[in-house]
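Chains as they are written, first to last, in our numbering: chain A, 395 to 592; chain Z, 6 to 270; chain H, 30 to 423.
Mixed in with the good hints, there may be bad ones.
Simulated restraints on C-beta separations [what the hints assert, rightly or not]:
{"hint": "1", "chain 1": "A", "residue 1": "A442", "chain 2": "H", "residue 2": "D76", "range": "53 to 59 Å"}
{"hint": "2", "chain 1": "A", "residue 1": "S589", "chain 2": "H", "residue 2": "L202", "range": "36 to 42 Å"}
{"hint": "3", "chain 1": "H", "residue 1": "S278", "chain 2": "A", "residue 2": "P489", "range": "38 to 44 Å"}
{"hint": "4", "chain 1": "A", "residue 1": "S589", "chain 2": "Z", "residue 2": "K49", "range": "56 to 62 Å"}
{"hint": "5", "chain 1": "H", "residue 1": "K282", "chain 2": "Z", "residue 2": "E106", "range": "52 to 58 Å"}
{"hint": "6", "chain 1": "H", "residue 1": "L202", "chain 2": "Z", "residue 2": "K188", "range": "21 to 27 Å"}
{"hint": "7", "chain 1": "A", "residue 1": "R449", "chain 2": "H", "residue 2": "L202", "range": "34 to 40 Å"}
Which residues of chain Z face chain H? A partial, calculated answer using Cβ under 8 Å [claimed, not checked]:
{"hint": "8", "residue": "G60"}
{"hint": "9", "residue": "R63"}
{"hint": "10", "residue": "D154"}
{"hint": "11", "residue": "G183"}
{"hint": "12", "residue": "T185"}
{"hint": "13", "residue": "A190"}
Below, a list of computed lysine-lysine pairs in the DSS-like style, where the Cα atoms sit at most 25 Å apart [stated by the list, open to error]:
{"hint": "14", "chain 1": "Z", "residue 1": "K242", "chain 2": "Z", "residue 2": "K253"}
{"hint": "15", "chain 1": "A", "residue 1": "K495", "chain 2": "H", "residue 2": "K398"}
{"hint": "16", "chain 1": "A", "residue 1": "K486", "chain 2": "H", "residue 2": "K261"}
To be clear, the hints were calculated from the coordinates, so they are not data collected in a lab.
All of these numbers come straight from a predicted model, not from anything done at the bench.
Note that the Cβ used here is the ideal one computed from N, Cα and C, for glycine as well.
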Amino acid sequence: MKGFVRIALAAALVALPATQAAAGWKLIAAKESVQVAKSKMAVTPNEAWNRGTHRASKKGETWTLDGPSISEVYFAAALLPGETFYKDTDKKNHPLPMMGKNLQLTDIPEFYESSQRIAYSTSVYEVTGIEPMKFLGQDGVKFSYTFALQGNPLQYKGLARATLIKGQLYLISYDAPALSFFDRDRAKAEAIMDSARL
Amino acid sequence: MPKLKLRALAVASMSVCLAFAASPVAAGVATKEGFAFPREKEAKIIMFRPDVQVGTLRTGGVDEANADWTTLARGNMQTAFETAAEAREAKISFMGEPDGENAKQLNDFRALFQVVSTEAMNHGLFNDRLATKKIPPAVQGGAAKMKFDWTLGQDARKLKEITGADYAMFVYTHDAYGSTGRKVAQLMMAGLFGAYIAPGVHLGYAGMVDLETGDLVWLNADIAMGGDLREKDGAEKRVKELLRAFPKRDSPPAPAIEDKASKKG
Amino acid sequence: MRFRQLVMMIAAVSVATEPVLAAPAVAPLPKPAAVEIVADESYVPQDQDERGLWMEMEKVERELKISPLVMRDPALNAYIKSVLCKTIGQARCAPVRLYIIRTSEFNATMAPNGMLEVYSGLLLRTRNEAQLAAVLGHEYTHYAQRHSLKLFRDVRSKSASLMWLQMVVGGLLASLMILPSIFKHSRDMEQDADVGGLAFMSKAGYDTREAARIWEQLREEMDATAASRKVKSRKDKDHGMFEDHPPSSERVKYLTEMAAKDPGTPGATGQEAYAANMAPDWGDFADDQIKQNDFGASDYLITSLGKQGWTDWLYFARGELYRRHAAEGDLEKAAGFYGEGIAASPGLPDLWRGRGLVLLKLGRADEGKADLREYLKRAPDASDKAMIAMMAGG
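The shape of chain A in the complex, shown without the other chains (with noise of 0.2 Å):
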């Protein structure tokens, strides 16, 4: 139906631009460490991911492994009040929530949430746990969800770690189908958020 449109579209109106823009993709290696986010958040990875070099925000990065609908792992950093975790894409319509002042840790988790559910279009989401946990040596808050999107048949699960440091928030989050995925990529993600340093 979508692919009806689009072609109605682009053959309406010859001078649409593509609404897919390739995204690119750089090579992280395995067993380096690197810095993420144009910050000075730091991780090393155990194996090898690829880096989008299409940012979704200017304090944010996408990393997957073998495709972002299998395997995604965002991160965000040094993000200030007022701020989004992604680029608005929808203002107009769908603005995403920016980041409040005087955040408790449990506000990360709801304020992630929101982001998701207004930038998948999704309300089918469910934080299913918070706990606390350190992250970046801080006091942090661990939390994981479930989601599913129009348009895509598999359920995704996440979980995510994050914390704020001088009033900027910091985030890692994994996600990944149910089925088949979720679990097999789990561990090198969590490495990941394990290896994280400021």
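Got chain A; can you put chains Z and H on it based on the hints?
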């Protein structure tokens, strides 16, 4: 955050190339390195209900489904696949729409295939290649290789139990034949403005999963396929194209895939 | 589905042709003529175009049958189906397949093959059975009058004209010349569907004034969104997220006039039955809404529901909304709403969680920690117990 929306999938990356590229070329085929059918026995392949649509591409770009053509195409395609399988000494059986007690597993498996094959197309066969899927040349000036190692994972084993098959195949085709007006419009746009509009839509892909490992062992996609599925001969031609580079029973293990895209870059 | 997407396609094109939309529409005339219903349970597609559309829709429906976005709860499905059957009659409703989609958006669509999608965001916004009946009758009229097919043919022929014209006069100008007529056609169908929907309401014994109320409510909601975002309301412009079913003032006007002529059963709104049946899900739907980052609309929706009777989950939703919004004074208000919820009916442990978190932020640490401990006492298996326990001071 860039996850796939699969209702668009079928056509997604392919149709965008088609609609916007000045010279639309997007085709590719890959066989997993080292793959070979077992020689000692006939391979049992289960084919999921092919996703087929045949229709008309109208002047203004409306892509219109034709139910009669599609029914005809579906029948012709099934026959052509059976003939092709026989010639390869494989046994192919066709599955209806999943229902009953195994429906969930079958649907789950198809969903996994849709997502994995689309990622393998977008980030393997086509130009948005993942960096980890490129193998640099072993010697300087040698050929770069592509790592084609997508898998549906261990959950695929369940399907082997349910169906008794060794392999599962999926086929997608989408055809829209340009109306007369569309063809005229194409010529005029080209003549007057040098602009490209597609005269028709003929997309197709097919893939095969090894149910022992869950690995996607063969995948073929093309945005400009030949063969008119509405006719018997045409369907044979289309199926032949859909089965491009399909491993033969006596083929030696597949070699690593030469990476033409990387060589160019 | 097809209908919505065709309209969406047109709407998408309209982005390039904003001036067309901004131009005042010619005031539409209500068509009092009765709507001819051509469909019944034995209907099969009549020609090649229609068979093609059905085939595509059947594919969409196969996907929907296994989609994780569809709400399968039998009680909710049975209730919505019963309202449909009451509205359009048993014979017509029997072959309809209903899919309730979990999404905060406001929409319902009926595909040409008889597949009806109702969005949970709609169920949060209709206040009573009569309003739901108005929407279901409206969608059924689109279906019965084969509007998708007509619009499909219209788009097919006009997009061809567009193709030829743009070679002569250029893309944008060609769009300006052709698109208004497609919009006009789509608007006419909306109006026909309104006429048909109201007739169904009346026959089923609902108060037909509720049809206009839906659109008034949407207009009020758009004003509320605009006010909180400090922008101009789009209720008379492009209708924002409601562009599929524009809540124009003309629409309210003609529906009100039609209701005056054909009042149905005044006072029969079915509000209590609706509230009783929605009660198990409204909390979740409200939760979806407050996570959409639209403070104005969310507060409007919650307070509107509150006017029909405040409940613990409504107070909770409002507390959550204000706690998340956290503008000047919001946290104090949030604490108040949670408190009222606790006073109304202390069955929802999350009321203490919310108030505890707010009180901590307000610097009232002892009270906040006490609330969090109360939450843990009432919800010992909460999925965030370890986190809250830490904040409650062990």
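Hints and how they fare:
At roughly 56 Å, the beta-carbon separation of A/A442 and H/D76 lies within the given 53 to 59 Å, and the hint holds. Restraint check, A/S589 to H/L202: a C-beta distance of roughly 58 Å breaks the suggested window 36 to 42 Å. Hint check: H/S278 to A/P489, Cβ distance near 26 Å, so the stated range 38 to 44 Å is violated. Separated by about 45 Å at the C-beta atoms, A/S589 and Z/K49 break the suggested range of 56 to 62 Å.
Here the CB-CB span from H/K282 to Z/E106 is close to 55 Å, well matched to the stated 52 to 58 Å. Distance hint check for H/L202 and Z/K188: the Cβ-Cβ separation is about 25 Å, which falls inside the suggested range of 21 to 27 Å. A hinted range of 34 to 40 Å holds for the C-beta pair A/R449 and H/L202, which are about 37 Å apart. A cut of 8 Å between beta carbons decides the hint on Z/G60: the least distance to chain H is about 6 Å, and the hint holds.
Interface restraint check for Z/R63: the shortest CB-CB distance to chain H comes to about 5 Å, inside 8 Å, so the restraint holds. Hint status for Z/D154: violated, given a least beta-carbon distance of 28 Å to chain H, over 8 Å. At about 12 Å, the closest approach between the beta carbon of Z/G183 and any beta carbon in chain H exceeds 8 Å, and the interface hint on this residue is violated. With 8 Å as the threshold, the beta carbon of Z/T185 stays out of range of chain H, its nearest partner Cβ sitting at about 11 Å, so the hint is violated.
Given hint, Z/A190 at the interface with chain H, holds; its Cβ is 5 Å from that chain's nearest Cβ, closer than 8 Å. A hinted pair counts as satisfied when its Cα atoms are at most 25 Å apart, and Z/K242 with Z/K253 qualifies at roughly 18 Å. Between A/K495 and H/K398 the alpha-carbon distance is near 21 Å, which keeps this suggested pair within the 25 Å criterion. Under the criterion of a C-alpha separation no larger than 25 Å, the hint pairing A/K486 with H/K261 is consistent with the structure, at around 11 Å.
Of the numbered hints given earlier, the model fails hints 2, 3, 4, 10, 11 and 12; all others are met.
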